[in-house]
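Novice: I would like the entire structure built from these sequences, with the hints used as guidance.
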Amino acid sequence: MLELLWLVPALPFAGFLVLALFGRRLSRMGVAAVGAGSVGLSAIAAVLVDTSFLASPPAGNAWTQVLWQWVGAAGFGPQIELYLDPVSVVMSLVVSVVGFLILFYSAQFMAGDEGYNRFFCYMDLFVGSMLTLVLAGDLLLLYLGWEGVGLCSYLLIGFWYVDPANGRAARKAFIVTRIGDAAMAAGLLLLFTNLGTSEIQALMQRASQQWGAGSGFAVAAAALLLGGALGKSAQLPLQTWLPDAMAGPTPVSALIHAATMVTAGVYLIARAHVLFALAPPVQMAVAVIGAVTLLYAGFAALAQSDIKRVLAYSTISQIGYMFLALGVGAWSAAIFHLMTHAFFKSLLFLGAGVVILGLNREHNMFKMGGLRKELPGTFLTFLIAAASLSALPLVTAGFYSKDAILSSAWTSGAGSRWLWAAGLAGALLTSVYSFRMVFLTFFGELRQKPRLKPGICMVVPLATLSVLCIVGGSVQVPETLGNVRVFSDFLNVVLPPAAAHETAGTEAALQVVAGVASVLGVLVAYYLFLHRPQHVERWTATLAGARLHRLWLAGWGFDWAYDRLFVRPLVWAARANKADFIDSFSRAMAQLNVAAHAALRRTQTGHVRWYAMVIVMGGVIAIWILVL
Amino acid sequence: MVTVPVEHGLMLAGVLFALGALGVMVRRNVVFTLMCVEIMLNASGLAFVVAGWRWGQADGQVMFFFILTMAAAEVCVGLALVLQLHRRFQTLDVDAADKMRG
Amino acid sequence: MNAVFYVSALIAVASTAMVIIERNAVHALLYLIVSLLAVAVIFFGLGAPFVAALEVLIYAGAIMVLFVFAMMLLNLGRAATEQERQWLKPRMWRGPGILAFILLAEVVYVLTCVGWPAPAGGVVEPRQVGAALFGPYVLGVELASLVLLAALLGAYHLGRRTPPSEGGGP
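Protein chains in written order, with this note's numbering: chain A, 1 to 628; chain B, 1 to 102; chain C, 1 to 170.
Bear in mind the hints are in silico, worked out from the structure with no lab data behind them.
Warning: the hint list may mix true and false statements.
Restraint ranges, calculated between C-beta atoms of paired labels, are given here [what the hints assert, rightly or not]:
no., chain 1, residue 1, chain 2, residue 2, range
1, A, D583, C, A105, 49 to 57 Å
2, C, V7, B, R101, 40 to 48 Å
3, C, M72, A, I621, 39 to 47 Å
4, C, M72, A, L592, 52 to 60 Å
5, A, M617, C, P90, 18 to 26 Å
6, C, R78, A, L592, 50 to 58 Å
Quick caveat, the model's predicted, so the values are computed rather than measured.
By construction, the Cβ of each residue, glycine as well, lies at the ideal position given by its N, Cα and C atoms.
Specialist: Set out below in structure tokens:
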């Protein structure tokens, strides 16, 4: 069964090709069948491959499938090889299953849009690229998938390209991630030129042999890869593109900007964990960036009025948690949170999509309200997802994954208490803003009646994901609560386990504190936004309050800062160099030619005597040279 | 016959050639230009004959023969052209036919 | 015997100088004929009777006469001579004069640098010239006849009186 591995990324690519070439001739149903179906088949293939892997793990807990030799130059021979180990098992399952559910949902969501075929085409290409990324055994192939998802992100954010604002958002996403991609390419080159291979496992092996801990090369390579991860995963300082990326259709936001592409950075760091372990300062930087980002995004989410922007900042914040986990060495906890986050965040987006579509593309939460009677199913699933996001104790998957991260943060090395405190504060904020979102959207008075209810294509994914949100945490339950270690045992064959953890008593205390924080957040949100909203209104009316609100709403002013620091000087320089001074060299040559021609033209007087004189002059000079 | 140093003969040819070249460069009347060309040809023929005399062979005279033939042919065609020039421009000014300029 | 050479040389140079200075076309032609005759004398002195005869017969006799005929056809008159006076200002001679002088100086320099052996001398009979012409140089003779044919045809065609309406020319 393992030989079917190549089908997993190949099927979505095949779907892309079919839709690109013949999509116009297919009916709507046909397009959706090919688009969602190819990913569905890929998911089935992934399930088959992965169950076979689980049932009888191959030697060394990893299986490689080499498809062909990509480049055959001397000393540089990357191959198209797929690598299956527990991490890629988890990732491929998440990507293909969640991808299929979202595509199934979009069959109805995007109905009525004239770019139907184009949508499924791009989505298939995206899923194919993402699967290539997570299954790649060669760093160059990973980079191929990396760039592919970046391209599809651009294409899909700017899907409704007629509105120039969408095009700008797409370009912003591409350019900001490009900065990260450039760092990653540099890191890739550094690794390849120093270690002589681009195959990931071989790289990690050679790195640990040749570079000691803390060596300059390891730090540089890890830092550069981190740069790439920061761009793709929208962490500080490259996070400005994600809120604007909400200009794309909601399924795009669900798939790309919640469940899969933005987690590519987390995956990269987990894959290259050997390298990061060799570079302690960089690993510490990962943790610190994660902690700061999760707080930053939490505050920003609190002030947003567009429902999708709340979710965007929430994504940034949750990925901050994953980075925090990676930074303290809790690799499997990070992947665990990645999985649960994929479930509840995509569910949140899909539910928000139902609301937005029903209210005629209304994004502003303050214009929504009281929808729980009108859209009961959506409300229920949305509530489950929000609860999972807030990590409500015991019943939600998010609780278990977030708890794993927080307890690892507590027991990690230097600065562990601060990191844990940041994570805890972030948990409180998460709870507040997610239930603020729930209360504003589904409670209160009904301002606008939704014009459509979700059909079967939308209900099935919503229901499936909500079930996963609840039971998904049961694969990893801490000691104090049942000690199920299926997930971490599975992953710890390839990822080093987290540092020794505290006694059961401290762990239980930590869990209680975390649980209290999330429940407290719900209550705070209820009080401030449903029960007595006038407190908040009065506070935002004050000078300080208004300023703070504006600051958080604009994402702590990063856009403004980048505009002043980078965009304006660059545009000024481009305008100043309008008559391209480098071009003037080649222009000067042309002008020189013209001038010389004009000068020589004047020697053609048409007078025979002048020509005779020139002949004699030539003869004189020739004899001079010959003789003298 | 004469026993003049060879270089004197060649120098004479050079002087005549230079005078012919001077005439071509200066004269504006096209007939004079042709005459000066004849002077130059004659001078080069003289040089060949002197060279043949230096070696005592007939080759110098053979060359002069060919130069003479060529000069005759050239004069024929040249004078025909002069007649055409005169007919078209009503002048013998060689500068009148300067349309091939620029 | 050498005096003959030098005297003829002097006459040749002087009359050539007169050719290029002279304003009247026919006078210039006559000077040219004198120059050619002087050169023919030099040829005799150099032991080349054949080419001396050719020089007189063909160069001075046929080619110059052709020039005279052309002059007659052109029918220039006194106005042409006046025009020549206008065209030949002294300052016209400066530039070309310098150039010609430099050319001459170079040639003289080249000639005096090299050490010339004594000339072989001796008369080269017309028989020898004929044998050479129709021996190794027979191809050149044939080509020369072709050149003359071409010149004949060309002169005939170019000299034709074309009707005034024709614009393109021959």
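Novice: Within 18 to 26 Å or not, the Cβ separation of A:M617 and C:P90?
Specialist: The hinted range 18 to 26 Å holds for A:M617 and C:P90, with Cβ atoms some 21 Å apart.
Novice: Given the hint of 39 to 47 Å, check if C:M72 and A:I621 actually sit that far apart at their C-beta atoms.
Specialist: holds, 41 Å
Novice: For the pair A:D583 and C:A105, does the Cβ-Cβ distance stay inside 49 to 57 Å?
Specialist: holds, 51 Å
Novice: Is the distance from the Cβ of C:R78 to the Cβ of A:L592 consistent with 50 to 58 Å?
Specialist: holds, 53 Å
Novice: Does the Cβ pair C:M72, A:L592 satisfy 52 to 60 Å?
Specialist: holds, 55 Å
Novice: In this structure, is the beta-carbon distance linking C:V7 and B:R101 contained in 40 to 48 Å?
Specialist: holds, 46 Å
Going through the hint list in order, the structure satisfies each hint without exception.
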